[in-house]
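**Q** Residue strings, one per chain:
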Amino acid sequence: MSARWEFRLLRLWHAALAGGFLVAYVTADEDTYAMHVFSGYWVVAAILLRLLLALAGSGGGPLALPKPRLTWIRPGRNPLFAWMAVLLLAGMAVAGVSGIAADFIPFVEDLHEGLAEASLWLVLAHAAVIAWIFQGRRVREMLKGSAAALLAVVLLAAPAAFAADAARDAVKAGYARQAGPGFAGFSSERGKALFESRNAASPDYASCTTCHTADPAAEGRHAKTGRAIKPVAVSANPKRFTDVAKVEERFERDCQTVLGRVCSATEKGDYIAYMESK
Amino acid sequence: MKRIILAAALCLAALPARADRVRPVTDPETLAACGECHMAFQPAFLPARSWTRMMGQLSGHFGDNAAMAADKAERIRQVLVAGAADTGGGKAGSKALRGVGQYDTPQRITELPRFAAKHQRIAEREWKRPEVTSKANCPACHKAAEAGLYDDD
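Going down the list, the sequences are from chains A and Z.
So for the first sequence, this note's numbering puts the first residue at 88; every next one is plus one.
So for the second sequence, this note's numbering puts the first residue at 708; every next one is plus one.
Keep in mind that the hints are not guaranteed to be accurate.
The list that follows gives simulated cross-link-like pairs (lysine-lysine, DSSO-like), each with its CA atoms no further than 27 Å apart [said to hold, decoys possible]: (1) Lys-798(Z) - Lys-311(A); (2) Lys-333(A) - Lys-779(Z); (3) Lys-779(Z) - Lys-259(A); (4) Lys-317(A) - Lys-825(Z); (5) Lys-825(Z) - Lys-802(Z); (6) Lys-311(A) - Lys-259(A); (7) Lys-311(A) - Lys-825(Z); (8) Lys-154(A) - Lys-279(A); (9) Lys-317(A) - Lys-842(Z); (10) Lys-279(A) - Lys-311(A); (11) Lys-798(Z) - Lys-835(Z); (12) Lys-279(A) - Lys-231(A); (13) Lys-850(Z) - Lys-317(A); (14) Lys-317(A) - Lys-333(A); (15) Lys-259(A) - Lys-317(A); (16) Lys-835(Z) - Lys-326(A); (17) Lys-279(A) - Lys-333(A); (18) Lys-779(Z) - Lys-835(Z); (19) Lys-850(Z) - Lys-311(A); (20) Lys-779(Z) - Lys-326(A); (21) Lys-798(Z) - Lys-825(Z); (22) Lys-779(Z) - Lys-311(A); (23) Lys-317(A) - Lys-798(Z); (24) Lys-279(A) - Lys-259(A); (25) Lys-842(Z) - Lys-825(Z); (26) Lys-311(A) - Lys-835(Z); (27) Lys-326(A) - Lys-259(A); (28) Lys-835(Z) - Lys-850(Z); (29) Lys-259(A) - Lys-231(A); (30) Lys-779(Z) - Lys-825(Z); (31) Lys-259(A) - Lys-365(A); (32) Lys-365(A) - Lys-326(A).
Taking CB as the label site, the calculated pair distances span [claimed, not checked]: (33) Lys-825(Z) - Ala-103(A): 41 to 47 Å; (34) Asp-858(Z) - Ala-188(A): 22 to 28 Å; (35) Trp-219(A) - Asp-778(Z): 49 to 55 Å; (36) Val-124(A) - Lys-835(Z): 42 to 48 Å; (37) Ile-829(Z) - Ala-310(A): 20 to 26 Å; (38) Ala-310(A) - Ser-801(Z): 30 to 36 Å; (39) Asn-286(A) - Lys-825(Z): 37 to 43 Å; (40) Ala-239(A) - Gly-795(Z): 56 to 62 Å.
By construction, these hints were calculated from the structure, which means they are not laboratory data.
Each residue gets a CB set at the ideal place from its N, CA and C atoms; glycine is no exception.
Given only the sequences and the hints, what does the whole structure look like? Please build it.
**A** So, in structure tokens, the structure goes:
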């Protein structure tokens with residue numbers, strides 16, 4: 088066989104193996120079980136075929152299987168290629184064979200699933216390595232391009248933080264206006280006192296801290312449902328108090344629930360001032 | 708290169724498709740409004756009549772106050788009704804309705820006969836664990852509950 092034909096054969100084989108593996112992976116669901124079994128056998132057969140092809144090919148030709156070595160004899164291929172091939176073939180072979188075995192020995196199924204997952208990552212890593220080496224410049228340029236995009240995102244995100252502050256200031260200004268003529272500024276101390284106050288209106292929730300926890304910078308937890316609540320302190324969560332409709336809706340509910348009454352505009356502003364100071 | 712990306716995308720896209728799935732909430736307004744105090748439950752777990760009743764009494768919502776603007780509540784009601792167990796809920800919907808009378812309006816998913824049947828093996832102690840707190844805290848046990856996957860354990 089000429090080297091050119093060996094290469095063609097190798098390509099064909101590679102497509103068959105990759106295709107079989109992909110189909111097997113995608114059809115692992117119960118309703119596509121028949122296809123999964125078929126493609127699984129296909130993969131195992133492809134790997135056996137590869138070993139036979141290595142015998143048929145010319146020594147040192149494209150179909151030969153290089154022995155994985157620890158040292159790099161230059162000039163020559165990087166030994167990592169051989170290791171990569173061994174790892175991929177072994178992973179897929181054991182995944183395939185364990186899949187066949189799982190029909191008879193149930194506990195092999197976990198091994199089969201684990202190996203199949205691992206093989207997928209190996210395949211993706213393999214594709215990435217090959218892409219990097221053979222189309223290196225293009226890939227590197229793509230990454231450089233995405234680094235520039237990342238920078239742009241960071242540059243755009245910085246004004247977004249300012250926008251959040253501006254939105255929160257607008258919310259507070261709204262409460263200041265509602266507070267009316269006697270208004271003399273918000274106080275984070277009063278906000279703290281409100282946040283930590285203990286109340287008797289609700290048997291389940293004695294205080295704002297019952298769900299938001301005593302430390303505003305920490306993640307809270309809804310006392311009844313167990314749902315995690317993001318930190319309320321602005322330093323820990325810059326998006327806090329920026330959406331008027333949400334802020335109003337929550338003050339409406341949470342004050343009614345915990346205090347048994349609505350909060351005044353001044354109390355709401357105090358609360359936000361306290362959370363800004365934390 | 709394109710082919711490689713395509714293959715990788717295919718592999719990833721296949722991951723969630725591998726399991727039986729309850730159609731998750733995708734409407735952003737519903738996700739935000741109903742996902743604050745607990746996860747946004749999939750509409751397929753209750754019939755349309757139950758959702759309509761629940762959305763009409765939000766200020767007394769299981770002992771909590773979940774009141775919201777009337778127009779917002781109506782929009783969310785429509786989303787829930789469209790995906791309900793007896794409308795757009797698909798296979799998961801019909802399963803959820805097993806043992807539910809035609810005129811019953813169950814309000815709790817956790818009191819459906821199907822829920823009880825699927826969870827009867829779970830000990831009282833397990834429900835009381837601090838990370839669980841409530842039967843309604845599905846994501847404490849079903850890590851991918853919000854994506855609609857419940858047969859993961």
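**Q** All hints are to be evaluated individually against the structure, with a verdict given for each.
**A** Here is what the structure says about each hint:
1. Lys-798(Z) - Lys-311(A): violated, 30 Å
2. Lys-333(A) - Lys-779(Z): holds, 12 Å
3. Lys-779(Z) - Lys-259(A): holds, 24 Å
4. Lys-317(A) - Lys-825(Z): This hinted pair is violated, its Cα atoms lying about 31 Å apart.
5. Lys-825(Z) - Lys-802(Z): Status holds; Cα separation ~11 Å.
6. Lys-311(A) - Lys-259(A): The given pair, whose Cα atoms are some 30 Å apart, is violated under the 27 Å limit.
7. Lys-311(A) - Lys-825(Z): Since the Cα atoms of Lys-311(A) and Lys-825(Z) sit roughly 23 Å apart, the hinted pair holds (cutoff 27 Å).
8. Lys-154(A) - Lys-279(A): Roughly 70 Å between the alpha carbons, so the hint for Lys-154(A) and Lys-279(A) is violated.
9. Lys-317(A) - Lys-842(Z): holds, 21 Å
10. Lys-279(A) - Lys-311(A): holds, 24 Å
11. Lys-798(Z) - Lys-835(Z): violated, 31 Å
12. Lys-279(A) - Lys-231(A): With a Cα-Cα distance of about 48 Å, the restraint between Lys-279(A) and Lys-231(A) is violated, given a limit of 27 Å.
13. Lys-850(Z) - Lys-317(A): OK: Lys-850(Z) and Lys-317(A) at ~18 Å, within 27 Å.
14. Lys-317(A) - Lys-333(A): This hinted pair holds, its Cα atoms lying about 14 Å apart.
15. Lys-259(A) - Lys-317(A): Holds - the C-alpha atoms of Lys-317(A) and Lys-259(A) are around 21 Å apart, at most 27 Å.
16. Lys-835(Z) - Lys-326(A): Violated: Lys-835(Z) and Lys-326(A) sit about 33 Å apart, past 27 Å.
17. Lys-279(A) - Lys-333(A): holds, 21 Å
18. Lys-779(Z) - Lys-835(Z): violated, 34 Å
19. Lys-850(Z) - Lys-311(A): Cα-Cα ~19 Å, so holds.
20. Lys-779(Z) - Lys-326(A): holds, 22 Å
21. Lys-798(Z) - Lys-825(Z): holds, 16 Å
22. Lys-779(Z) - Lys-311(A): With Cα atoms ~25 Å apart, Lys-779(Z) and Lys-311(A) stay inside 27 Å; holds.
23. Lys-317(A) - Lys-798(Z): Since the Cα atoms of Lys-317(A) and Lys-798(Z) sit roughly 34 Å apart, the hinted pair is violated (cutoff 27 Å).
24. Lys-279(A) - Lys-259(A): holds, 16 Å
25. Lys-842(Z) - Lys-825(Z): The given pair, whose Cα atoms are some 12 Å apart, holds under the 27 Å limit.
26. Lys-311(A) - Lys-835(Z): holds, 12 Å
27. Lys-326(A) - Lys-259(A): holds, 14 Å
28. Lys-835(Z) - Lys-850(Z): Between Lys-835(Z) and Lys-850(Z) the Cα gap is close to 18 Å, so the pair holds against 27 Å.
29. Lys-259(A) - Lys-231(A): violated, 43 Å
30. Lys-779(Z) - Lys-825(Z): violated, 34 Å
31. Lys-259(A) - Lys-365(A): holds, 16 Å
32. Lys-365(A) - Lys-326(A): holds, 14 Å
33. Lys-825(Z) - Ala-103(A): 41 to 47 Å: Because 42 Å falls inside the window, the suggested range holds.
34. Asp-858(Z) - Ala-188(A): 22 to 28 Å: Holds, at about 24 Å.
35. Trp-219(A) - Asp-778(Z): 49 to 55 Å: Cβ of Trp-219(A) to Cβ of Asp-778(Z): about 54 Å, so the range 49 to 55 Å holds.
36. Val-124(A) - Lys-835(Z): 42 to 48 Å: holds, 43 Å
37. Ile-829(Z) - Ala-310(A): 20 to 26 Å: Because 22 Å falls inside the window, the suggested range holds.
38. Ala-310(A) - Ser-801(Z): 30 to 36 Å: At roughly 35 Å between Cβ atoms, Ser-801(Z) and Ala-310(A) fall inside 30 to 36 Å, so the hint holds.
39. Asn-286(A) - Lys-825(Z): 37 to 43 Å: holds, 39 Å
40. Ala-239(A) - Gly-795(Z): 56 to 62 Å: The hinted range 56 to 62 Å is violated for Ala-239(A) and Gly-795(Z), with Cβ atoms some 40 Å apart.
Violation of the numbered hints given earlier is confined to hints 1, 4, 6, 8, 11, 12, 16, 18, 23, 29, 30, 40; the remaining hints are satisfied by the structure.
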